[in-house]
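Chemist: One line per chain: the protein sequences are A, D, W, H and R, in this order. Everything in the first sequence is counted per this note's numbering, starting at 1 for the first residue and increasing by one. Everything in the second sequence is counted per this note's numbering, starting at 1001 for the first residue and increasing by one. Everything in the third sequence is counted per this note's numbering, starting at 2001 for the first residue and increasing by one. Everything in the fourth sequence is counted per this note's numbering, starting at 3001 for the first residue and increasing by one. Everything in the fifth sequence is counted per this note's numbering, starting at 4001 for the first residue and increasing by one.
Mixed in with the good hints, there may be bad ones.
Said to hold, decoys possible - Residues from chain R shown here face chain A by an in silico Cβ test under 8 Å; the list is partial: (1) 4074; (2) 4100; (3) 4144; (4) 4161; (5) 4173; (6) 4211.
Simulated from the structure, these hints should not be mistaken for laboratory data. All C-beta atoms in this analysis are idealised placements derived from N, C-alpha and C, irrespective of residue type, glycine included.
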Amino acid sequence: MSDMHRTKQARDRWNFLWEWANPVKFMWFSGRVLPWLIAATVISLVASLVWGFFFTPEAINFGSSVKIIYVHVPTATVAVSAWFMMLVASLIWLIRRHHVSALAAKAAAPVGMVMTLAALATGAMWGQPMWGTWWAWDPRLTSFLILFLFYLGYMALWAAIENPDTAADLTSVLAVVGSVFAFLSRYAVNFWNQGLHQGATLSLDKEENIADSYWIPLVIGIGGFMLFFVTMVFIRTRTEIRLRRIHALELRERMADA
Amino acid sequence: MSTMTLEARDLTVSRGGVPVLEGLSFRLDPGQVLVLRGPNGSGKTTLLRTLAGLQPPMAGEVSLPPEAIAYGAHADGLKSTLTVAENLRFWARVHGVHDIEPALDRLNLQALRQRAAQNLSAGQKRRLGLARLLVTGRAIWLLDEPTVSLDRASVALFADVVRAHISAGGAALIATHIDLGLETEIFDVTPFKADPNAPSRTPTPFDEAFA
Amino acid sequence: MSTMTLEARDLTVSRGGVPVLEGLSFRLDPGQVLVLRGPNGSGKTTLLRTLAGLQPPMAGEVSLPPEAIAYGAHADGLKSTLTVAENLRFWARVHGVHDIEPALDRLNLQALRQRAAQNLSAGQKRRLGLARLLVTGRAIWLLDEPTVSLDRASVALFADVVRAHISAGGAALIATHIDLGLETEIFDVTPFKADPNAPSRTPTPFDEAFA
Amino acid sequence: MIALLARDLALAIRAGGGFGLGLAFYLIVSTLVPFAVGPEAAVLARIAPGILWVGALLACLLSLDRIFQLDFEDGSLDLLATAPIPMEGTVAVKALAHWLTTSLPLVIAAPIFGALMNMPAPGYWWIFVTLLIGTPALSMIGAFGAALTVGLKRGGLLLSLLVLPLYIPTLIFGAEAATRGIGGFENTTPLLLLAGITAASVALLPFAASAALRINLR
Amino acid sequence: MIALLARDLALAIRAGGGFGLGLAFYLIVSTLVPFAVGPEAAVLARIAPGILWVGALLACLLSLDRIFQLDFEDGSLDLLATAPIPMEGTVAVKALAHWLTTSLPLVIAAPIFGALMNMPAPGYWWIFVTLLIGTPALSMIGAFGAALTVGLKRGGLLLSLLVLPLYIPTLIFGAEAATRGIGGFENTTPLLLLAGITAASVALLPFAASAALRINLR
Ligand code: HEM
Ligand SMILES: Nc1ncnc2c1ncn2[C@@H]1O[C@H](COP(=O)(O)OP(=O)(O)OP(=O)(O)O)[C@@H](O)[C@H]1O
Ligand SMILES: Nc1ncnc2c1ncn2[C@@H]1O[C@H](COP(=O)(O)OP(=O)(O)OP(=O)(O)O)[C@@H](O)[C@H]1O
Ligand SMILES: [Mg+2]
Ligand SMILES: [Mg+2]
Chain A
1 MSDMHRTKQA RDRWNFLWEW ANPVKFMWFS GRVLPWLIAA TVISLVASLV WGFFFTPEAI
61 NFGSSVKIIY VHVPTATVAV SAWFMMLVAS LIWLIRRHHV SALAAKAAAP VGMVMTLAAL
121 ATGAMWGQPM WGTWWAWDPR LTSFLILFLF YLGYMALWAA IENPDTAADL TSVLAVVGSV
181 FAFLSRYAVN FWNQGLHQGA TLSLDKEENI ADSYWIPLVI GIGGFMLFFV TMVFIRTRTE
241 IRLRRIHALE LRERMADA
Chain D
1001 MSTMTLEARD LTVSRGGVPV LEGLSFRLDP GQVLVLRGPN GSGKTTLLRT LAGLQPPMAG
1061 EVSLPPEAIA YGAHADGLKS TLTVAENLRF WARVHGVHDI EPALDRLNLQ ALRQRAAQNL
1121 SAGQKRRLGL ARLLVTGRAI WLLDEPTVSL DRASVALFAD VVRAHISAGG AALIATHIDL
1181 GLETEIFDVT PFKADPNAPS RTPTPFDEAF A
Chain W
2001 MSTMTLEARD LTVSRGGVPV LEGLSFRLDP GQVLVLRGPN GSGKTTLLRT LAGLQPPMAG
2061 EVSLPPEAIA YGAHADGLKS TLTVAENLRF WARVHGVHDI EPALDRLNLQ ALRQRAAQNL
2121 SAGQKRRLGL ARLLVTGRAI WLLDEPTVSL DRASVALFAD VVRAHISAGG AALIATHIDL
2181 GLETEIFDVT PFKADPNAPS RTPTPFDEAF A
Chain H
3001 MIALLARDLA LAIRAGGGFG LGLAFYLIVS TLVPFAVGPE AAVLARIAPG ILWVGALLAC
3061 LLSLDRIFQL DFEDGSLDLL ATAPIPMEGT VAVKALAHWL TTSLPLVIAA PIFGALMNMP
3121 APGYWWIFVT LLIGTPALSM IGAFGAALTV GLKRGGLLLS LLVLPLYIPT LIFGAEAATR
3181 GIGGFENTTP LLLLAGITAA SVALLPFAAS AALRINLR
Chain R
4001 MIALLARDLA LAIRAGGGFG LGLAFYLIVS TLVPFAVGPE AAVLARIAPG ILWVGALLAC
4061 LLSLDRIFQL DFEDGSLDLL ATAPIPMEGT VAVKALAHWL TTSLPLVIAA PIFGALMNMP
4121 APGYWWIFVT LLIGTPALSM IGAFGAALTV GLKRGGLLLS LLVLPLYIPT LIFGAEAATR
4181 GIGGFENTTP LLLLAGITAA SVALLPFAAS AALRINLR
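Excised from the complex, chain A in its bound form (with noise of 0.2 Å):
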């Protein structure tokens, strides 16, 4: 008896956060920070943009083809920060059954699969004059394709279901498994090839790490996506809330005539 006190307590310690998950506070909240966070967005991204574009060296033998550096990692960066977004999202609806956190998670899908796009598209564009072909069977590279076809198949689990709760609730267990067989896969492709991609040049540890006049844009970059990657989960979100009380209300409608 104690016992089960003690966890309502403890649950109502941190009933503050949770209260974000309901969709009028989020709506509310989401309003204010919008605009901040818009601004935030656009001021990193022209900021690294530019900087990377005009005021670096061109490197020796890179030629300006470099530069596609500025996109390429932010967007490849965030384009697994995504998928993991999407994995929390989506245990906190399977154990806590917030619908907001099922939105979110969904909203943040398409922005994680052009992101992801967005990779594979300036890695392809890079990997032309750097490896003389588009594409090649190189771990890092493959396992983002892996990663595409997962953004595909969950976005289309989404769709394919009408019940929104049954699709929430399909998709977070496809979120579940599919990240373990993300990561096996990972593994995976790096055992089957060594591959021609870069190891990690932002480690803080390692020598051959490029020189500061890359690295600052490089990381004012990063920092600039991954805010755009909140703000579009934000405004999608917002979306995603919106069309939900559209449906509920065309649900209301049909129950009154039938």
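Once you have looked at the hints, place chains D, W, H and R with the ligands on chain A.
Modeler: Then chains D, W, H and R with the ligands, alone, in the frame of chain A:
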């Protein structure tokens, strides 16, 4: 079978997230037949699926003994390439029952026992679906329009089967539009039709914004 | 519509190569409703499919005007992702009819017109299946258990629709187990049940050895 | 007939099916092969046209059961058979709808997937042309196979078994024309034969398919 | 549970489905590839293990919709959900039935098809072993995908889209182990990883699949 009572308290059932019937309270005791009535689309199927545990109630609660329910719907779960006897034997084994002969006898299926289910007429299929109930060994039957496609003789046969079931201490909740000839209590769901424009009555405040 | 007569002469219909009903002769004139009766498995469905031209008769003949038949079975040919209106409009266009409003009105489907067919209850689906008959513009209706799952009000609605159809010179042959409340002639198929053990009566001598 | 085409297209789009999924399947098959065969660009380039043709054929095959099966199950086919449209017309329209929703997207996407498999540049053009000429035959032959198996529950595998042998001539001429074209050789003969197969299938198979459908309905 | 296994096997045999057709599909895929790629023995031998693995995977995939779809449509699944068998048991048994009727015949036949594709002799053994270890994972992952899409009419293509990415690790380790084995290299690591995937799938996925099924039923 004294605890074999199905009870619904202040139940709200929903389809696609919208309440269909609300504030339902009733109990079904052993030896009782309750006939669900209501016009097309009033929510009888939804209610039965909820009671069978196939979908969660939107509000309120259902209390029933574990593993006591046999659900029978339009779809009979028949495999068209298996024979009548094979179909029935499968369900009997799933429920740990061994003898399918009484069920075949009682629904007049002995002559058809070697016939593949795909070669049955609509009414014969239906009879087989009803025979399945007998091999579940379950006490509470939830039946959704069980007499569809049955001719008069078969409806009478079915009524006998239900009568035998309740006199053995079973119970049945039957949604139907026709008169079964059972001395039944009628439970009309029409008054419980949910008002879709009423203020939100969903359980958690989190959903408020959607409803 | 004076030539709109369906006539069967000494008809034998079969399922899976085995005769089910034999020696059937009857005619269905404009303005007439004929109700097919017979216990489960007696061959009503088989007869209707044969008359609709979906399967060939085993012996005897059917004479009927070309493109005069509208067949309505359990399976309503509804697409679950299309709305009620879209489903109906499709069949209307196939039959060169342009206006679906009367059909929606007469079967009380106006309120449901924007709803996807998969979200209808059993009885609502059935009403939509019946509305399809009205948009075929065909004179002779062959209906197989049309009132399955319908509540009483809807059965009455259906009877009205049939009455209007025959008073406009149409005709209907309806297999059903329940009383439709139409001032109908009854045609009981039971006496025509084929005797499976009788000496071969298949038309060509080549089949003798199998029959 | 236009009503039927419109409905089939609407259903394909509404089901979230048609366009996107056939394409996705094609993409996946083209990516699986490198995973299985290994990443060597030379080997991949060598087998690319063949694999792209086999992939298109399988994607086509997998969507065949949509052509008639659903209509059969929900009774639409019974009703269409008694409707004032000739059965041959129904078959032709449904094959056309299948081609538009499934094959055409594949044809357009094939060059891109060719790039994934390290195909040399002229290959993009030839894989596009050969698929464009050959896929109508795939849809029509598939419709015939679907008509034969429509009465069977989940006839999917049987359907594959029936249809794949029928696909072989199309596949051989198509892949051969593409490979020769990429190598810079003369490929008029296989192209003409491919076009011939398509023309003959489209002209004759609707009759065979509608006969098969009528038999299955009774 | 034994009753369920017995019934599923009986259905697979009776429908003329299970054993024969999966196998026939496999045979056809293995023959289509030589038609499409051309008859050079060296190329074929090089790609044989990969193609045989992809073929097995596709044959498996094509028969997935049988696992739950039919039972869903005819209401059996509703009834099984209210029966005294845990849902996880139902899933596991059905995946097992799928493996016995579809995958096992493929595993046994694969060496023969390998001969058709000019695979060197040690290949027969390795393709058999890797498939034997890997296919249970394919069946179980497939059952999970089938459970996700069971509520959808003709979810076939969506099912492929969901399941194929999940198949990739199995495919890579399986094909790699076979290729290395044939080349005479050390292949213990990929074999162990393959076995690990199988063991983990069989142990964990029934829970995910039965959750998905319950969600689809309501
Ligand atoms: C379609 C092809 C490609 C894909 C999918 C791809 C993917 C990725 C990903 C996922 C990252 C992020 C790594 C991380 O943050 O840990 C990345 C970083 C990077 N990529 Fe690519 N890449 C592609 C092609 C290329 C090409 C052709 C080049 C140039 C030779 C290239 C050069 C780089 C560099 C220099 C980085 C930064 C490395 C780091 O800081 O970690 N990429 N790429
Ligand atoms: N998937 C769905 N989504 C939304 N609403 C639905 C769905 N399925 C059914 N409905 C609606 O829910 C209501 C209740 O349907 P239900 O099938 O329970 O009715 P019923 O009483 O069984 O009717 P009938 O006598 O016609 O079988 C109906 O108005 C129906 O249109
Ligand atoms: N495919 C088949 N092969 C062989 N016999 C069949 C087949 N389908 C049905 N039958 C048998 O043919 C007979 C006539 O069936 P039919 O469906 O015409 O009966 P019905 O009068 O419509 O019955 P109901 O009232 O139950 O619908 C039945 O005895 C049935 O078992
Ligand atoms: Mg109902
Ligand atoms: Mg009948």
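Chemist: What are the numbers of the hints the structure violates, in ascending order?
Modeler: 1 and 2
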